[in-house]
Amino acid sequence: MIFEKFSRIGIIPVVVLDDPKDAAPIAEVLSKNGLPCAEIAFRTPAAEEATRIMSREFPDMLIGAGTILTTDQADIAMNAGAKFIASPGLNPKIVQYSIDNSIPVIPGTQTPSEMEQALELGLKVVKFFPAEQAGGLKMIKAVSKAFTDLKFMPTGGLNASNVKDYLMYNRIIACCGSWLIKRSLVAAGEWAKINALVKDAVAIVKTVRGTGEKR
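In this note's numbering, the protein residues as written are 1 to 215.
In short, the hints are calculated from the structure, not lab data.
Fair warning: there could be bad hints in the mix.
List time: in silico SDA-like cross-link candidates among lysine to any residue, alpha-carbon distance up to 25 Å [to be verified]: (1) K206 <-> A146; (2) K182 <-> D18; (3) K93 <-> N79; (4) K138 <-> S102.
For each label pair, taking beta carbons as the anchor points, the in silico distance ranges come out as [to be verified]: (5) K199 <-> P112: 29 to 39 Å; (6) D200 <-> S113: 32 to 42 Å; (7) A203 <-> L119: 28 to 38 Å; (8) K193 <-> R171: 26 to 36 Å; (9) T207 <-> G157: 17 to 27 Å.
Values in this document were obtained by computation on a predicted structure and should not be read as measured data.
All residues carry an ideal CB built from backbone N, CA and C; glycine is no exception.
Given the sequences, and given the hints that come with them, work out the whole structure.
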């Protein structure tokens, strides 16, 4: 199951690409360092082709599409090889469309009302976005008491300094973040720095979750 894979991986890199030529090098850095996953943000023209390249050249990786705002985008992403989609908010139309078409979907939530709506739609996992700006781990722990069947994938404001605390909470499946594959580092070709950031992230997951198996 895809959420079990998320739990083992622990940290899901959010990737914003301006040029598809960077897709394969990024996928290689992630896969060789033990982080075989990427959520490609569909907010640049390069996203579709980047998804296609990563999915084709690195078939063992868990490649998904983020910032999906329409069902048309969902179709484009899945046709390009995405194995899941994620959205910044909870759009019932997109969620229902995904369920009807057997597409794993993780919508963004921030309020108890949105979380309750997610449960009504049959979801058990949601994003919490933007995590740090919306109250962070304290907020997640507070709402978790009411929504005992819901688990979270926080994103927004996470970094190497705070992600360990999130991962230690057992209601969090995985954390998502863009600090690993910084747009500026990709543009500058700073692959050594990206490599180091990914290695550090993998080390954090191992520290918190041991072998990486689902808790």
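Going down the list of hints, with the structure as the test:
1. Proposed proximity of K206 and A146 is contradicted: the alpha carbons are some 30 Å apart, above 25 Å.
2. Among the hinted pairs, K182 with D18 is consistent with the structure: their alpha-carbon atoms are about 12 Å apart, no more than 25 Å.
3. Annotation: proposed proximity of K93 to N79 holds, straight-line Cα distance about 19 Å (limit 25 Å).
4. Taking the CA atoms of K138 and S102, the gap is about 33 Å. The hint is violated against a cut of 25 Å.
5. Judged by the Cβ atoms, the range 29 to 39 Å given for K199 and P112 holds: they are separated by roughly 38 Å.
6. For the pair D200 and S113, the beta carbons lie near 37 Å from each other, so the given range of 32 to 42 Å is met.
7. In this structure the supplied range 28 to 38 Å holds for A203 paired with L119, their Cβ-Cβ distance being about 35 Å.
8. Distance hint for K193 and R171: a CB-CB separation of about 32 Å, consistent with the stated range 26 to 36 Å.
9. Hint check: T207 to G157, Cβ distance near 21 Å, so the stated range 17 to 27 Å holds.
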